[in-house]
Structures are given as structure tokens and as C-alpha cells.
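> For reference, the chains in residue letters:
Number of protein chains: 2
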Amino acid sequence: MIKAVFFDIDDTLYDTSGFAKRARKAALQAMIDAGLPLSQQEAYLHLRKIIKEKGSNYDKHFNILTKRVMGEEKPLLIALGMITYHNVKFALLRLFPDTMSTLIYLKKRDYQLGAISNGLTIKQWEKLIRLGLHHFFDDVITSQEANSEKPDQKIFQLALERMGCQAEESVMVGNKFNEDIIGATSVGMSAILVNSQLTEEEKEFIDREGLKVEVVSDISQVQKLL
Amino acid sequence: MIKAVFFDIDDTLYDTSGFAKRARKAALQAMIDAGLPLSQQEAYLHLRKIIKEKGSNYDKHFNILTKRVMGEEKPLLIALGMITYHNVKFALLRLFPDTMSTLIYLKKRDYQLGAISNGLTIKQWEKLIRLGLHHFFDDVITSQEANSEKPDQKIFQLALERMGCQAEESVMVGNKFNEDIIGATSVGMSAILVNSQLTEEEKEFIDREGLKVEVVSDISQVQKLL
Numbered sequence: 020m021i022k023a024v025f026f027d028i029d030d031t032l033y034d035t036s037g038f039a040k041r042a043r044k045a046a047l048q049a050m051i052d053a054g055l056p057l058s059q060q061e062a063y064l065h066l067r068k069i070i071k072e073k074g075s076n077y078d079k080h081f082n083i084l085t086k087r088v089m090g091e092e093k094p095l096l097i098a099l100g101m102i103t104y105h106n107v108k109f110a111l112l113r114l115f116p117d118t119m120s121t122l123i124y125l126k127k128r129d130y131q132l133g134a135i136s137n138g139l140t141i142k143q144w145e146k147l148i149r150l151g152l153h154h155f156f157d158d159v160i161t162s163q164e165a166n167s168e169k170p171d172q173k174i175f176q177l178a179l180e181r182m183g184c185q186a187e188e189s190v191m192v193g194n195k196f197n198e199d200i201i202g203a204t205s206v207g208m209s210a211i212l213v214n215s216q217l218t219e220e221e222k223e224f225i226d227r228e229g230l231k232v233e234v235v236s237d238i239s240q241v242q243k244l245l
Numbered sequence: 020m021i022k023a024v025f026f027d028i029d030d031t032l033y034d035t036s037g038f039a040k041r042a043r044k045a046a047l048q049a050m051i052d053a054g055l056p057l058s059q060q061e062a063y064l065h066l067r068k069i070i071k072e073k074g075s076n077y078d079k080h081f082n083i084l085t086k087r088v089m090g091e092e093k094p095l096l097i098a099l100g101m102i103t104y105h106n107v108k109f110a111l112l113r114l115f116p117d118t119m120s121t122l123i124y125l126k127k128r129d130y131q132l133g134a135i136s137n138g139l140t141i142k143q144w145e146k147l148i149r150l151g152l153h154h155f156f157d158d159v160i161t162s163q164e165a166n167s168e169k170p171d172q173k174i175f176q177l178a179l180e181r182m183g184c185q186a187e188e189s190v191m192v193g194n195k196f197n198e199d200i201i202g203a204t205s206v207g208m209s210a211i212l213v214n215s216q217l218t219e220e221e222k223e224f225i226d227r228e229g230l231k232v233e234v235v236s237d238i239s240q241v242q243k244l245l
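Line by line, the protein sequences give chains R and E.
Position one of the first sequence corresponds to residue 20 (our numbering), numbered consecutively onward.
Position one of the second sequence corresponds to residue 20 (our numbering), numbered consecutively onward.
Isolated chain R, as found in the complex (with noise of 0.2 Å):
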């Protein structure tokens, strides 16, 4: 029996991508405007290979884009660019559409709701509140308590010795095949697959295997399974 229902918090509960995606460009602009020598296209390029190279939780990506570009760090470009990241980012942020009726028919039958998420602890947490979802959560478990990412087995192993639970009466609900699904299923998790389609190698490692995965199309889709 289900006790515990942990989810993936980055495009699984919210639209992390397209907002972000929105932010760089409106920052981008922002510091077009004030002299950064690049068309939108050019520095959304430039910027998408330093985000890839530096990974997205990285914090000095603009100081970067203007190092390269200009020669030199460009303090006011690079506040400018983070202002209005922020800006945009925070009046974008919203729930996908099913998000809250979810967790409220989860609560209503007692499940116990956790967060398993790579990243910083405190920013987890922020989003949560951003999102008006901290009440919602018994707890968030982060990469850097456990000191390890998805899809490491020690990261799901520190959310259910937290959380009191058992393997089998857990489940993970996550939008990444590798990190969340794989993850969670090889320390005898279940799992549901949210906002992403199964490959056909996918697929044959799931039943070559035997692991418990479901997919659905949204995050409404989980009241049908549990």
C-alpha cells in the first residue's frame, strides 16, 4: 500500500522551461539594450552553450556571456540581465494547470507528500513558496543533503528514511526518465512518468526489468492511480 508520494519539483509541479526560456530572452534584451554587441539570436546561442557548459543552477552565467563577448566582466549588463531574469521569471511562475487539485486530493487521503530534488536546499524550498505549495510538503529532499543527484540510489534512500517509509509504500512522480523514474525504481520505488513520453529502448529496459512504472500524460492523471 502507497504511503508516500514524492515528486520531482522542476517541470513536474510548474513550467520551469518555458518560463526560463522567457527570462533569458527578456534579459538577453534588456542587455542588447544597453550595449551587449550581439543580435537576440547570438546571445541566446551564446548563452544556451554557457548554461551547458556550467549546468543552469550556476549563478554567474551573464558575468560569463560578457567575458567572452566584450572582454571583460560588464557589471551594469550583468545586473541588468539578472534583474530582469528575475523579474520575468517571478511574474511568469504558475502551477501547471492541475498541479494544486492534485496535491489537495493527495492530502485529502493522507498521503504523505515529499520532494525529491537536485539543487540547493534553501532554493527548493523557495519555489515552493513562490508557488504557494509549502504547505503541501513534509519535506524536500535535495541533492545537497544528500550529498549525492538523481539518479544516485543515496538521494532516495535519505527521502524515505526521512519520510519513515518503505520502498514499496512509496512512489516518485517525476517528468525525467533517467533521474526520476530510474532513479526511484532501483531502490524499489514505484514510479509515474508525468509530461514525457517513453522511448521504445525505454520501454524494453522497463519490462526487461520489471520495474513499476506508469505513464501519464499530466499531473491530474496521478488521482487515477492512487
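In short, the hints are calculated from the structure, not lab data.
Accuracy of the hints is not assured; some may be wrong.
If several chains are the same, the list does not tell them apart, and a pair holds so long as it fits within one copy or across any two.
No farther apart than 30 Å at their CA atoms in a straight line, the calculated lysine-lysine pairs in the DSS-like style are these [claimed, not checked]:
#	residue 1	residue 2
1	K71	K40
2	K40	K108
3	K40	K126
4	K127	K243
5	K22	K40
6	K71	K126
7	K68	K142
8	K222	K79
9	K108	K44
10	K79	K142
11	K173	K86
12	K142	K86
Computed from a prediction, not measured in an experiment: that's the story for all the values here.
Knowing the structure of chain R, use the given hints to seat chain E on it.
Chain E in isolation, oriented as in the chain R frame:
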């Protein structure tokens, strides 16, 4: 003849201390509402002590607060405190009534304008951008860049060098006697103290050393001197 006017930022161009206090109190109330076991007054005294120990530019005041009071860092409370602090801070952020008109006055008279500030370069530009002042300033010189804090001579010398002007062609406007006034006059600049008053000792020191220092009630009075 004066060619360049340098400004301190905090409490010279805008009311930092007033809004920071209100933002901190709002942040503490949010943390108390979410379980920080202190009264508003106890929490504020704790926080002031931590700020005194670590400096106001340190970014983990709330981490230390939860650790000291509750035995461990509490990410939810820390994140609630940080979000509330920033939201209130940016909501309250505003210039002193005559800052804008004074800067316009100086621009019309072709003075070069700079800011000299202890702190991180990008954070100082961020303040100017959020205050809507960044187009007025030709340059911002920070302790991060000078590797030395006001009142040390190095930061003022770097400011003169970057602005391409001599000490006797420059005036520093600030609210702190030691950091701004002593610092600037020690390299030969003249200085204007705003939003503050001189003690008897400070007056005697200025007379004894023959420093070029004016004292005015607020930033609007700078217009009468330049």
C-alpha cells in the same frame, strides 16, 4: 574647479537603513508565523546581533538565526525569511525626495558622476538600476574592485584614476564621517557630509587638519555648493 562628483550609495542616495529595518521585521514575522519560537522583539535582537557579527552584506543571517534558536538550519523558515525580506525591500525601495532632481542638476552642469561603495560591484549596480539611477552614473567603484574598503585611500585613488581626474577636481558626497569624509579628504578630495551631523571632536579634527568639508542637511543642498 570641480569636474567629478562621487556619491556614496546607501543612506546617501536612498533610505537604506529605514527600509532594511522594516524588511527585516517583516521577514522575522513570517518566520515566527511558520514556527520560529521567539517573540518579534527577541527575534529582532537576535538578528541584530548576527548582523553585527557578520556584517550586513553577509547572506546567511537567517541560516544562523534558525541554527542558534532551533539547533539546526531550517530551510523552510530561511527561505520564507529571505523571500519576505526581498519582497518588502523592493516594495519599499525609493529615493530620498531630492536625489533625482539633484542628479539632474549636476548632469545639466556637465559634472562627471561616480559612485564609491563598499560591497560587491554587481550588487551596487543592481541598487542603481532598481532605483532608476544607472543612466546618471559614469562609473561605480567598489571595494570588491579596489580590494580595499572606504575609508582606505586605495578605493578613492582607483575612483580618481578610472574617472580620469585629479583629487582637487573631485568631491565626495556621503553620510558617514569616517568612511566617506575622512577617506576622501585623505587623498586630497573635498567632501560634503549629508544626512548626518558632525560631533564636536569631528569639527575640531576638520579645523586642525584644514580639510575641505561642507555639511548640509540633505542631498538637495549639494546644488547650492556646485
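> Now look at each hint and say whether the structure bears it out.
Going down the list of hints, with the structure as the test:
no.: 1; hint: K71 x K40; in the structure: within (14 Å within a copy, 40 Å between copies)
no.: 2; hint: K40 x K108; in the structure: both (9 Å within a copy, 27 Å between copies)
no.: 3; hint: K40 x K126; in the structure: neither (32 Å within a copy, 38 Å between copies)
no.: 4; hint: K127 x K243; in the structure: within (14 Å within a copy, 69 Å between copies)
no.: 5; hint: K22 x K40; in the structure: neither (36 Å within a copy, 44 Å between copies)
no.: 6; hint: K71 x K126; in the structure: neither (37 Å within a copy, 43 Å between copies)
no.: 7; hint: K68 x K142; in the structure: both (23 Å within a copy, 25 Å between copies)
no.: 8; hint: K222 x K79; in the structure: neither (38 Å within a copy, 46 Å between copies)
no.: 9; hint: K108 x K44; in the structure: both (11 Å within a copy, 26 Å between copies)
no.: 10; hint: K79 x K142; in the structure: both (16 Å within a copy, 13 Å between copies)
no.: 11; hint: K173 x K86; in the structure: between (38 Å within a copy, 25 Å between copies)
no.: 12; hint: K142 x K86; in the structure: both (27 Å within a copy, 18 Å between copies)
Hint check: violations occur at hints 3, 5, 6, 8; the rest are consistent with the structure.
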